[in-house]
Amino acid sequence: MIILALETSCDETSAAILENKKVLSNVTISQILEQQKYGGVMPSLAAKLHVKNIQKVLKETLHVAKVSPEQIDYIAYTEKPGLIICLQIGKIVAETLALFLNKPLLLVNHLEGHIYASLLEKNEEWEFPALALIISGGHTQMYQVNNHFDFILLGETCDDAIGECLDKSAILLGYNYPGGPAIEKLAQTGKNTYQLPFPKNDETLDFSFSGLKSEISRLVGKEKKEINVNNLACSIQYLLAEILAKKLKKAWLTVWAKTVIIGGGVIANKFLRNYLAKNIQKWDKKIKIFFPEIRYSTDNAAMIGVLAYYKTKNKKSERQG
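The sequence shown begins at 0 in numbering that gives the first Met the number 0 and counts up by one.
If you are wondering where the hints come from, they were derived from the structure by calculation, not from laboratory data. Each hint should be verified, as a subset may be incorrect.
Said to hold, decoys possible - Label-pair restraints from in silico Cβ distances:
#, residue 1, residue 2, range
1, N19, S213, 43 to 49 Å
2, G220, N273, 31 to 37 Å
3, K58, N273, 35 to 41 Å
4, F127, Q54, 39 to 45 Å
Note that CB positions come from ideal geometry on N, CA and C, so glycine has one too.
All chains, full assembly: derive it from the sequences and hints.
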């Protein structure tokens, strides 16, 4: 089964070709440099750049995969969530290709794509029930996964997403958007010396990051030049890891999950990966832990393609049942 997938939900224009779960090509053009001067993503600029780049990524992904348009079995695209003006670009291109090539369309949820990215190019499968955590620039959500496409929302952020907290923290420290990589790099030579407040430290499975962001802003304004940027970055990163680990464990004790899946752009952070993996192993060494490869953690079309693959597989099993 050959799947062409498109991702245009935010500020990456991406196209991928998959043969089942195997990635034949995954071409992504990022808008980071163009968006940096705005300190975040400007939707109108993002849409304009998608229009500029979509043909380029399509041509390149077909070339790298050595696949002709006629060989494609399905065309998948990100339907939601995302910036509507950006999602429309992917939708129009996918619908046009499907009509021209007479191929079936698959509409994919971007957040589910981040979860399914952990299955890319892997032989191992999840065991159910599973626990899934999505941590990205726009979302922080936790799900109970009873089976493929059977998701129950357990908790989510009440305000800012974890990635937004990292972005704003980096800007406060004098660094550019996106903030995650800047905080991670600064933290490598820092120490966990700042006592930051643990937000939403309660019995719920919800998150909150706006208060932490405000405290960092207050701290930077108060100490100014005296602040140790590396130590503060390290303290921020360590606290975020603690928050995620605590909420995950609380959810795991509710679900008794056999598998823990963590996806989204923030999990490209190696410290967070290692910290969470070590903590999860302490709960029960039999737990399967699934992370996407770092190259598939941030927005990309391969994750849309692998989710589309499981959608077709699920439809076939439903028909057979």
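We went through each hint and held it up to the structure:
1. N19 with S213: 43 to 49 Å: Roughly 47 Å apart at Cβ, these two residues keep to the hinted range, so it holds.
2. G220 with N273: 31 to 37 Å: holds, 32 Å
3. K58 with N273: 35 to 41 Å: holds, 38 Å
4. F127 with Q54: 39 to 45 Å: Cβ of F127 to Cβ of Q54: about 40 Å, so the range 39 to 45 Å holds.
In terms of the numbered hints stated before, the structure departs from none.
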